[in-house]
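Chemist: Listed below, chain by chain, are the residues.
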Amino acid sequence: MKKIFGVTLGILTAMGGFIDIGDIVANSATGARFGMSLAWAVLLGVVGIVVYAEMAGRVASVTKRATFDLVRERLGARTGLVNLGASFFITMLTLIAEVAGVALAVQLVVDVNYLLWIPLVGFAVWMVIWRVKFSTLETVFGLMGLAMIVVVVAVVQLHPSWSQLWHHASHPSVPSGEGHPTYFYYAIALFGAAMTPYEVFFFSSGAVEEKWTRSDLMLNRANVYLGFPLGGFLSLGLMAGAALVFHPIGVGVENLSQVGLPTSIALGKVGLAFIIVGFVACTFGAALETALSCGYTVSQYFGWQWGKLVRPREAARFHLVVLVSLFVAVVVGVTAVDPIKVTEYSIVLSAAALPLTYFPILVVANDRTYMGEDVNGPVKNTIATFYMVVLTIVALATVPLMIATKAGA
Amino acid sequence: MLLSELLGVQVVTTDGDELGRVHDAVLVQDGPMGAQGRAGLRLHAIAVGSRSLGSQLGYAQGTVQGPWLLRRLLGRAPRLLPWRAIVARDGQRILVDLSRISEQE
Amino acid sequence: MRRITIALLILIVVVALIVGLRPMTPARTRDDFANKSKDTAESVLSSVQTARLTAGVGTRGDAFGPYVSVVLSESDDAVAKAQGSYDRIQPPDAWSDATRARLGRLLDRSGDVVSQLRIVARRGELDRLERLARPLRPLAAKLQRFIDDAGPRP
Amino acid sequence: MSDQHLGAGRHVWAVLELLDRQLVDETGRLVGKVDDVEFELPDDPDGLPRVTALLAGLGALANHIGGDAGAALAAAERRLAARRDQHPSRVDIEAVRDIASAIELGTDGLDLDTNRGERWVRDVIIDKIPGARHAAE
Chain A
331 MKKIFGVTLG ILTAMGGFID IGDIVANSAT GARFGMSLAW AVLLGVVGIV VYAEMAGRVA
391 SVTKRATFDL VRERLGARTG LVNLGASFFI TMLTLIAEVA GVALAVQLVV DVNYLLWIPL
451 VGFAVWMVIW RVKFSTLETV FGLMGLAMIV VVVAVVQLHP SWSQLWHHAS HPSVPSGEGH
511 PTYFYYAIAL FGAAMTPYEV FFFSSGAVEE KWTRSDLMLN RANVYLGFPL GGFLSLGLMA
571 GAALVFHPIG VGVENLSQVG LPTSIALGKV GLAFIIVGFV ACTFGAALET ALSCGYTVSQ
631 YFGWQWGKLV RPREAARFHL VVLVSLFVAV VVGVTAVDPI KVTEYSIVLS AAALPLTYFP
691 ILVVANDRTY MGEDVNGPVK NTIATFYMVV LTIVALATVP LMIATKAGA
Chain B
1072 MLLSELLGVQ VVTTDGDELG RVHDAVLVQD GPMGAQGRAG LRLHAIAVGS RSLGSQLGYA
1132 QGTVQGPWLL RRLLGRAPRL LPWRAIVARD GQRILVDLSR ISEQE
Chain C
717 MRRITIALLI LIVVVALIVG LRPMTPARTR DDFANKSKDT AESVLSSVQT ARLTAGVGTR
777 GDAFGPYVSV VLSESDDAVA KAQGSYDRIQ PPDAWSDATR ARLGRLLDRS GDVVSQLRIV
837 ARRGELDRLE RLARPLRPLA AKLQRFIDDA GPRP
Chain D
158 MSDQHLGAGR HVWAVLELLD RQLVDETGRL VGKVDDVEFE LPDDPDGLPR VTALLAGLGA
218 LANHIGGDAG AALAAAERRL AARRDQHPSR VDIEAVRDIA SAIELGTDGL DLDTNRGERW
278 VRDVIIDKIP GARHAAE
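Residue numbers (the working numbering), protein chains in the order written: chain A, 331 to 739; chain B, 1072 to 1176; chain C, 717 to 870; chain D, 158 to 294.
These are computed hints drawn from the structure, not numbers from a lab. There could be a bad hint or two in this list.
[Claimed, not checked] Lysine to aspartate or glutamate pairs mimicking EDC-like chemistry, simulated, CA-CA at most 16 Å apart:
id	chain 1	residue 1	chain 2	residue 2
1	A	Lys736	C	Asp755
2	C	Lys858	C	Asp755
3	A	Lys394	A	Asp704
4	A	Lys394	D	Asp255
5	A	Lys599	C	Asp843
6	A	Lys394	D	Glu261
7	C	Lys797	A	Asp668
8	C	Lys797	C	Asp824
9	D	Lys285	A	Glu644
10	C	Lys797	C	Asp755
No experiment lies behind these values; they were computed from the predicted model shown.
Isolated chain A, as found in the complex (with noise of 0.2 Å):
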């Protein structure tokens, strides 16, 4: 039974997680804009997660330290300061978009200005992870999240041509009339969405906090294995819908609204409601995932009580700043900043501060004194190194690129 909770909490990061509204808006936009060109920057963002959040996942079962304690534990306290107010304001960004996110889908069942939804959505993400029973959560927004897959059916229903669709994502070239920059800087978005650094604060605070230990290895692999591909799948899914609709008729992406229509026009009705429902699912389970992430990297950075399965007042300091993270995220989300905006910035942004979290685990998961026979072996550091480069490309790339093509403009 503890097992099966286990799988949903991997199955829960990965669709509220890998599926959040950054993903909803990137893979959507792409589709529309380049077609099935981009699905690699998918696959290299999938596997690049797995590999980083295996790690984390591993690192917190073997030493129960969630990462952002093993990021000021390694980097210093001055590194890892700095560390912290990049790690903080991007999850903030996040937390600001997915509110935001929440509230858009919300609008789509009940035709009232998303502007009014927001600070109840602020107040339902605050009362959840004050009173509710988290695991319960868990399986509930896990489930509801599965109703994304309706965008994968809507894509069968759709009959494309399977052989076109693999032809272009597997020669991927620049359409005429992009310009190289704009083509990698929504790779680096795409890249950056799958591998959010909340995704990964989330996870291994959650597995410290579950006691995870060297036994829940498998687990940990299980559920990283089994969850994020599934999620990039989804991926996948919401780019291949919107290039088989919109990028042969010019439509581009810039509205959530916009995302529903492919399994609209295929499924109908059902289809919407899926899809909506799944909105909601993903973008509240990742509102909870990053208000709580604005928690965590703080009290660990300081050595706090943290938790969310403790009493709200043994983590004092850690709600606190977690109210306050959603408050500043309501106001911010009510001065009617495009929240589409907000969400491609937090993700191309995430994508250029991976290395400032990903260094310190790679580190740790290489310390014999910390993990005795469950460091990297020869094979995952290989990988490892390989994320390493890529990662640091991408995050000497990213602002040259968003100045380049004006943030993909």
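Model the placement of chains B, C and D on the given structure of chain A, informed by the hints.
Modeler: Frame of chain A; chains B, C and D shown alone:
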């Protein structure tokens, strides 16, 4: 004395050679932790080198062995100078007398 | 520490500038004007096609009223926004005047149709949408031709 | 590297294995990070400095960070600490039970100096919100 007062301080020999900065210190536990009496953690040596990243991450101390690329880049071992070698010390520099350690190495 | 702080500040300023400079700025040359015209046409084409697809699913009963209403409102807003920005760009020469007139007509007609769709969807008369959206197909074709005529970006 | 001359016993790298590590009390509560290490200098010139305490808290952290950020933190700490003693919180080394992936203490950490901020936030803010005593389960 605080650990932070040692870290990053320039180390110079009595002959005037610059050895780098203090990046870490070796403590030796000479009794069970928390026991009464004088047993406890004593500072035996300071680790000195020109670059700090390797010791911050654990490559220089040897507790982290992989991945290969990082070990190659960061794995240079720091020089350990026994506490006894320190002749004078302030916030800016630590003066060491290498002749005090030669007979022991 | 100081260096890192300064670097972070510069980064934030750069990002803020990028965000801030996104809206249209005045065109100085013919090429500049041609590019902005093309961007506008692409943006409006996207909204027109979105509205056309949505009107279709709305009338066929493949989508809920609130959903159709939201998508059409957003399309309408997007057309209006693109139109507003375009109107404010100063055309630098006679060729630009002609381009502006040609695209302007397309934008006006697109705006009219999409606004009409929005109003009808708000009233819940989804069955009328597909018929009202019929003019969008030729409009989309014309916008596409305008984009093709503009050629690749220099 | 030959470490023989360093003496027998377990070797602990002060920065790598002590500094910036999590402090955990006997109940498993997280009670801070090791922000600095305090030594007692020997009276006898041939003696070695001995660790007397681990310092935890904003003041010690500010001191350890240094630079602009450290100065800003120190200023924040001074403001917070206006009505109390200016020293960073100390955890006596006698209280340390083990040095592992965390520093395990043999005392109840809630009364520790490092938890002053935690207690303040709890009493002044969190306890005022309904449901603070309920576990999220």
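Chemist: Checking against the hints above, which ones are violated?
Modeler: No numbers; nothing is violated.
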